[in-house]
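Undergrad: Counting with the numbering used here, you get residues 308 to 375 for the letters of the sequence shown.
No lab work stands behind these hints, which were simulated from the structure alone.
Values in this document were obtained by computation on a predicted structure and should not be read as measured data.
Wrong hints could be hidden among the right ones.
As the list claims (entries may be wrong) - Straight-line alpha carbon distances no greater than 30 Å define the calculated DSS-like cross-link-like pairs of lysine-lysine that follow:
id	residue 1	residue 2
1	316	356
2	346	329
3	366	329
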Amino acid sequence: RPYYGEGSKTLAYEICEQLGWKLPDQIVIPIASGSQLTKIDKGFQELIKLGLVEDRPYKIFGAQAEGC
């Protein structure tokens, strides 16, 4: 799955686009291994680096269903 990480970053792009090109204050990500959480953060960092969103604090929380 060489492009899995790149695909997961697009969730960050979609979130910012839906918020009018702003970072969320906080988001909750469903996790298993945590890979998706780290890739979404990487997507936010890329948008900041490109100047497409303002660099400001945000929080990402990971949640896993009980019994998983």
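Undergrad: Hint by hint, say whether it matches the structure.
TA: How the hints compare with the structure:
At roughly 14 Å between alpha-carbon atoms, residue 316 and residue 356 fall within 30 Å of each other, so this suggested pair holds. Under the criterion of a C-alpha separation no larger than 30 Å, the hint pairing residue 346 with residue 329 is consistent with the structure, at around 18 Å. Of the pairs offered as hints, the one joining residue 366 and residue 329 holds, with about 13 Å between alpha carbons and a cut-off of 30 Å not exceeded.
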